[in-house]
Amino acid sequence: MTHGTSATARTERSASASKTYAAFLIIGLVLLIVAPAFFYPIFIMKLLCFALFACAFNLLLGYTGLLSFGHATFFGGAAYFTAHVVKEWGFSPELGILVGVVGAALLGLVMGYVAIRRQGIYFAMITLALSQMFFFFCLQAKFTHGEDGIQSVPRGHLFGFIDLNSSTNMYYFVLAVFLIGMVIIWRFINSPFGMILKSIRENEQRAISLGYSVARYKLGAFVMSAALAGLAGGTKALVFQFATLTDVAWQMSGEVILMTLLGGIGTLIGPIFGAGLVVTLQNYLATSQFPVTIVTGIVFMVCVLVFRRGLIGEFYASRLGRKLGFEHRR
Amino acid sequence: MRKTILASLMALLASGTAFAQSASDGKVKIGILNDQSGVYADFGGKSSVEAAKMAVEDFGGKVLGVPVEIVDADHQNKPDVASNIARQWYDTQQVDAIMELTTSSVALAVQAVAKEKKKIDIVTGAATTDLTGKACSPYGFHWAYDTHALAVGTGGALVKQGGDTWFFLTADYAFGYSLEQQTGDFVKANNGKIVGSVRHPLSSQDFSSFLLQAQSSGAKVIGLANAGLDTANAIKQAAEFGITAGGQRLAALLFTLAEVHGLGLQAAQGLTLTEGYYWNLDDKSRDFAKKFFARTKKMPNMIHTGTYSAVMQYLKAIQKAGTDETEAVAKALHEMPVDDFFARGGTVAKNGRMIHDMYLLQVKKPAESKEPWDYFNVLATIPGKDAYMDPAKSGCDLVK
Chain P
1 MTHGTSATAR TERSASASKT YAAFLIIGLV LLIVAPAFFY PIFIMKLLCF ALFACAFNLL
61 LGYTGLLSFG HATFFGGAAY FTAHVVKEWG FSPELGILVG VVGAALLGLV MGYVAIRRQG
121 IYFAMITLAL SQMFFFFCLQ AKFTHGEDGI QSVPRGHLFG FIDLNSSTNM YYFVLAVFLI
181 GMVIIWRFIN SPFGMILKSI RENEQRAISL GYSVARYKLG AFVMSAALAG LAGGTKALVF
241 QFATLTDVAW QMSGEVILMT LLGGIGTLIG PIFGAGLVVT LQNYLATSQF PVTIVTGIVF
301 MVCVLVFRRG LIGEFYASRL GRKLGFEHRR
Chain G
1001 MRKTILASLM ALLASGTAFA QSASDGKVKI GILNDQSGVY ADFGGKSSVE AAKMAVEDFG
1061 GKVLGVPVEI VDADHQNKPD VASNIARQWY DTQQVDAIME LTTSSVALAV QAVAKEKKKI
1121 DIVTGAATTD LTGKACSPYG FHWAYDTHAL AVGTGGALVK QGGDTWFFLT ADYAFGYSLE
1181 QQTGDFVKAN NGKIVGSVRH PLSSQDFSSF LLQAQSSGAK VIGLANAGLD TANAIKQAAE
1241 FGITAGGQRL AALLFTLAEV HGLGLQAAQG LTLTEGYYWN LDDKSRDFAK KFFARTKKMP
1301 NMIHTGTYSA VMQYLKAIQK AGTDETEAVA KALHEMPVDD FFARGGTVAK NGRMIHDMYL
1361 LQVKKPAESK EPWDYFNVLA TIPGKDAYMD PAKSGCDLVK
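Just so you know, the sequences run in chain order P and G.
Under this note's numbering, the first residue of the first sequence carries the number 1, and numbering increases by one thereafter.
Under this note's numbering, the first residue of the second sequence carries the number 1001, and numbering increases by one thereafter.
It is possible that some hints are incorrect.
[Stated by the list, open to error] Pairwise CB distance ranges, derived in the manner of DEER restraints:
hint, chain 1, residue 1, chain 2, residue 2, range
1, G, Q1205, P, G297, 23 to 33 Å
2, P, I294, G, A1294, 22 to 32 Å
3, G, K1291, P, Y284, 28 to 38 Å
4, G, P1201, P, G297, 22 to 32 Å
5, P, F136, G, K1118, 37 to 47 Å
6, G, R1286, P, I162, 56 to 66 Å
7, P, V110, G, D1164, 46 to 56 Å
8, G, Q1093, P, G297, 23 to 33 Å
9, G, K1236, P, V295, 27 to 37 Å
10, G, R1199, P, L109, 30 to 40 Å
11, G, K1291, P, F137, 46 to 56 Å
These aren't lab readings, by the way, just hints derived from the structure by calculation.
Cβ coordinates follow ideal geometry from the N, Cα and C atoms, glycine included.
The shape of chain P in the complex, shown without the other chains (with noise of 0.2 Å):
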């Protein structure tokens, strides 16, 4: 009988969750598309890259449980792609986004193959030092121009006719590709593969035992993370003209892992928040008289301390959230 009960509970309480799921998703929607009116459009724009890559990166740290620290490599790579190809070559802009998914999807499975075979610290540092790899190649290309960066790239006529020199319109296309972003996410994670994904997460041994082949839904899921990073970089690249080397850095590698961090692991949107709370501070403190690299830091010190979970974990887990129907699943 009490088994019932908690049962039926669970399904009331995730009917309730996909309704208030549902409830926020249009708020958050009506937000985003009403957003350039009241704030200033690039600074949105920039501010959905990055959410896009926080969340391509927490793909594989928070549902996978890899913690790669060399994702600025597709990032980057993927901006240096799409401004080259589009800059020297005159591809479109969508052509030149996907040039850049797809060479970031490479970079990943070469990676990805080399890393999965290690794991925890190990796999960090492989990683890392491969990304430092692709770092000191894009310092010494010459298609990069070196620390100049490839600048004025043009935006360009999406589909050849959209004006995407109208902030309007770029900004609408960013929009866009964020969204399909998302929902390609949303799809992997709920899809069997992504299932998969959270038990080798839970317990590797675990699944190996049931039958799974580990390491290539492990490969698979760092190909896909690089991709969709790729997609993020490649539009960050159209959105301001150029691609420099701050973006294949081991800084910007730091930067998304804090954003996630910040955000709550393992929660599809709490990346985004965590890369809206770091793109913000960046911005507002680079006119204010406080040094933007300590405050960061602190910011990162009080998660680290005091909310673990990270500020939409944190609201999952709350009495509120709970109520509202949330889960957290970590």
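For chain P, the structure is supplied; the task is to place chain G on it using the hints.
Just chain G now, kept in the frame of chain P:
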């Protein structure tokens, strides 16, 4: 007489807003955008902001009867942060000009934004000649120095002083190569000889093997084609190896007073470098330096003073144009000679390059230094027209 009055009246009418004797929005706002917390914080940083404020105060705080305001931001060496702030400043904060712009990726990105939005930018902190080359803008100016001037100064002038055999220690990336190549060209053009070169990875800690190669090459001059910490580390270790004591000269291709101060005279003595300004040059520059020191507790280098000069000249240009409208101010900036304690008899070329004299400097021995910050002997003055690239050869499409 009447005819000339009539003609000038016609000209007034024709040029419309240009002579409306007013600033567009009731104030003139100048943005100083640079690295204030990272590796270049000493090179320019907050002190450049202070220099800009001094220029505004010295100008009287007002131009065309409206107040002049300085805003500043720390771009953290991130071009996306810089580009974001620059756009926001130009679009929503009524900023009329952005200046300083340390690091070339940032300078190029912001100059592209300024060009698109038809706004003024004056770069003092970045070195790349691309700013007045293929990335030039009709509203963009490059004020303090560039890699070409540094290469001519150190490469060309030093050979004339007897340093005719060279060995290069080069940072292994594009910036290092271009410095080595440009400097090497001037060494050869002056009948000097390059006996060898070695490349070290960026952010190296250990230069011993490279320095030993340089030492055994027997070259009279060891050229350091790198920047920042790499140069500082190489100089320190060269002092430990007794390279300068052994008669070889070190020449840093991008180094300023601020970094010499960081190293100390003991390690840096004998080092040769090129700057566009030295505070102890004459009374006028000493006077400014003293005032600057009182506010920032350090002596200005060419970036700080260059920023002062750029702000000052910009305000004078607004005064002359009678408006803060971009086209008119850019025209005035191109036409007016630059004559202050930073640039003596400076001119602005069509590609936006401000051409002024550079100085070949040598770091004093600790015993020679008479007062704090008394660091340099001036070895030679390199006339601006020799130091800077011929605008016609710069690759800028504004010069035909």
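Consistency of the hints with the structure:
1. G:Q1205 - P:G297: 23 to 33 Å: 24 Å, holds
2. P:I294 - G:A1294: 22 to 32 Å: 27 Å Cβ-Cβ, so the 22 to 32 Å window holds.
3. G:K1291 - P:Y284: 28 to 38 Å: 32 Å, holds
4. G:P1201 - P:G297: 22 to 32 Å: 28 Å, holds
5. P:F136 - G:K1118: 37 to 47 Å: 38 Å, holds
6. G:R1286 - P:I162: 56 to 66 Å: 59 Å, holds
7. P:V110 - G:D1164: 46 to 56 Å: 49 Å, holds
8. G:Q1093 - P:G297: 23 to 33 Å: 28 Å, holds
9. G:K1236 - P:V295: 27 to 37 Å: Given about 32 Å between the Cβ atoms, the range holds.
10. G:R1199 - P:L109: 30 to 40 Å: The hinted range 30 to 40 Å holds for R1199 (chain G) and L109 (chain P), with Cβ atoms some 31 Å apart.
11. G:K1291 - P:F137: 46 to 56 Å: 48 Å Cβ-Cβ, so the 46 to 56 Å window holds.
Of the hints listed earlier, there is not a single one the structure fails to meet.
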